[in-house]
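Going line by line, the protein sequences match chains L and R. Counting in the numbering used here, the first sequence runs from 1 upward without gaps. Counting in the numbering used here, the second sequence runs from 1001 upward without gaps.
FYI, nobody ran anything at the bench for these hints, they're computed from the structure. Quick caveat: nothing in here was measured; it's all calculated off a predicted structure. One or more hints might be untrue.
Claimed, not checked - Which stretches of chain L does chain R cover? Using the computed rule of at least three CB atoms under 8 Å from a CB of chain R, they are:
#	stretch
1	15 to 26
2	92 to 101
Said to hold, decoys possible - Quick list of simulated restraints, FRET-style, between CB atoms:
#	chain 1	residue 1	chain 2	residue 2	range
3	L	His-9	R	Ala-1596	49 to 55 Å
4	L	Ala-97	R	Phe-1629	38 to 44 Å
5	L	Asp-96	R	Lys-1579	46 to 52 Å
6	L	Met-7	R	Ala-1596	49 to 55 Å
7	L	Asn-94	R	Phe-1629	33 to 39 Å
8	L	Arg-29	R	Ala-1596	31 to 37 Å
9	R	Gly-1625	L	Leu-80	33 to 39 Å
10	R	Ala-1620	L	Pro-6	36 to 42 Å
11	L	Asn-94	R	Gly-1625	29 to 35 Å
For each residue, glycine too, the CB sits at the ideal point set by N, CA and C.
Residue-level listing of the chains:
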Amino acid sequence: MIANVPMEHGLILAAILFVLGLSGVLVRRNIVFMLMSIEVMLNAVGLAFVVAGARWGQVDGQIMFIFILTMAAAEVSVGLALVIQFHHSFKTLNADAASTMKG
Amino acid sequence: MNELLSFIPALPFAGFLVLALAGRRLSKVAIAVIGTGSVGLSAVLTVLIGIQFIAAPPQSHAFTQTLWTWMQFDGYAPAISFSLDPLSLVMIFVVTFVGFLIHLYSAEHMLDEEGYSRFFAYMNLFVGSMLTLVLADNLLLLYLGWEGVGLCSYLLIGFWYKDPANGSAARKAFIVTRIGDTAMALGLFLLFTNLGTLNIQELMQNASKQWPVGSPMAVLASALLLGGAVGKSAQLPLQTWLPDAMAGPSPVSALIHAATMVTAGVYLIARTHVLFALAPPVQFVVAAIGAATLLLAGFSALAQKDIKRVLAYSTISQIGYMFLALGVGAWSAAMFHFMTHAYFKALLFLAAGVVILAQHHEHDMFKMGGLKDKLPVTFWTFLIGAASLSALPLVTAGFYSKDLILWQAWSSPMGSKVLWAAGLVGAMLTSLYTFRMVFVTFFGTAKIDISWRPGVRTIVPLLILALLSIIGGFVELPKTLGNIPLFTDFMRPVFSDTASTPGTEGGELTLQIIASIVSLAGILLAWLFFLRRPQDADKLAQAPAAASLQRFWFSGWGFDRLYDTLFVRPYLWAARANKDDFIDSGYTEIAKFNRAVHQVLRFTQTGSIRWYAMGITLGAVVFLGIIVFLH
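Please take these sequences and the hints and turn them into a complete structure.
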């Protein structure tokens, strides 16, 4: 049973989640937590797609969400590999440690 | 035969082209044959054409051959055309004949030099340019030859370019003559805009028709041409380049700086004498410059130690005599002295070149000595040249030409006793410094052994020039000694407007006797001070007044220092001050602004990932805001 939730509410929820994820990326110093915040951003975008798909009554929204999830999984594997390399080079997970390009 | 006139300058130019393009690949013999042969062929042609010219003179004593139209614009079409008349015939005879002898001498003198083909190429280019200058029918072509000889003078003075001092001397010569050349170019502009042509004959006719005697235009134009002549002929105030030009090889000094190029100024004034006759103030200035220069250079020559510098100042002095003659209206006397001077001065320079090579490239006379017995041919030819320069009475060519000038200076309506007196004092100085040179170099005890002996190719030119230094004057015997004025009669068609000078035979004889006594007195003084009792000369030089006078004369009356203070230093100061002027600040301020902005923006590059992420976020927010609120 589909409750009549207005589309605006769904999009606002997606926006709030996106901003939360973005501020997490900007504020956190630990790379792993930055990656988690990026996941939150991705999920917010997926939610926006699903809401739009429900509004127009088409299945494209759901398909898009599956794409996003797939891409997120691939990205996480690459990202974790990069995090391991990062730790190997800098011996820390602090993102501010990688500032040799300063100036 | 006259149609071959254009070959006379063309052959040396052809020689130059061959040697410039293919000189490296030719053997030394081939180079010498091409270099000397081209000028020699020109000399033969000149003699043949001259014989025909004298035997059967063409109409109005002038033959013009036009080759092609040089350029064409706005109704003015100057042509490459050569004109032969008595004046140019005398000039080309001297240039080609003396030039050929000097080339022959150089074939041996420059044999050990590595720039053998370069030397002959430059020399041929010079002879070609000089012949163009002399044969030119219009002043534009003359100016082309004028610049050409200036270029070759620069190239040949700086022949040994690896020594920077030679390059400086070459640049000095070029720059100082450039000042004169600029004046001459201005004169050409003036003549063209006012008289509508640069063809010499038309110019002279238009000038006499349009400009009255003493008109400001004539004065200005002739003064500017005089500026050019003064520069090229090394007269006051542009005489400073010639002594330093002795940095070049001796044949160069003989050809360019004694016999031919430096007389180009004399030729110019003689060629445009109608213009100078229309401007009496300028003609007087010519005489005054001549008189002042001959004295100034005479005193300077007395204090020189380098044998070539003595000869250089002597050349300046003798050209002063020619200017003096031109200034008093004695045009053919000036050309006569040019001819005899070419013979004996070239001889002196060539013989000095032999002496220098024989003394391990030593130039200082006081380090030489006793060469009279070791280099007999050189000694006797040098002595003949020196005698001719000192105008030894009756037997030398120099006597007849210098005497004619002194007589004209006294008796011509434009002459004066002062000018004659200056010439007389100059004659005494001439024999004094000349025989000082002879006695110091050739007499006394030998100090340096002989390192080189002249061969046939050196001795033959010396002998021929010595012969000419003796008999070259017999073409113009004054009234007191036979009255055979062949030279003046030959030149009469060119200088037809000069009045014949008044004056009695008795007056002329008196002056001749005075001049002869003066020149012999100079020789006697030189013998006394430099041969018989040189210790007297040394004691005289010790006195403080005499020593400072000697230094003053040695430096050429301080002209180099004067010009350095007046012109060189202010110019360098202005150049340095202008290096960072306000126009530059337009460019430097832009660079400084860029650097300042960079310093500020530097702080945005922190290298931190979070900072960059924030940058992206802010940018996205700004864009979205623009789209949402302003669109």
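Against the structure, the hints come out as follows:
Here's how the stretch 15 to 26 of chain L fares: 3 of its residues keep a CB closer than 8 Å to some CB of chain R, so the rule of at least three is met and the hint holds. Here's how the stretch 92 to 101 of chain L fares: 6 of its residues keep a CB closer than 8 Å to some CB of chain R, so the rule of at least three is met and the hint holds. Between L/His-9 and R/Ala-1596 the beta carbon distance is about 52 Å. The supplied range of 49 to 55 Å therefore holds. The hinted window of 38 to 44 Å between L/Ala-97 and R/Phe-1629 holds, with their beta carbons roughly 39 Å apart.
For L/Asp-96 and R/Lys-1579, the hinted distance range of 46 to 52 Å is satisfied, since their beta carbons lie about 49 Å from each other. Under the hint 49 to 55 Å, the C-beta atoms of L/Met-7 and R/Ala-1596, about 52 Å apart, fit the expected range. In this structure the supplied range 33 to 39 Å holds for L/Asn-94 paired with R/Phe-1629, their Cβ-Cβ distance being about 38 Å. The supplied range of 31 to 37 Å is met by L/Arg-29 and R/Ala-1596, whose beta-carbon atoms lie about 34 Å from each other.
For the pair R/Gly-1625 and L/Leu-80, the supplied restraint of 33 to 39 Å holds, since their beta-carbon distance comes to about 35 Å. For R/Ala-1620 paired with L/Pro-6, a C-beta distance near 26 Å fails the hint of 36 to 42 Å. Between L/Asn-94 and R/Gly-1625 the CB atoms are about 32 Å apart, so this pair conforms to the stated range of 29 to 35 Å.
Comparing the model with each earlier hint shows a violation of hint 10 alone; every other hint is respected.
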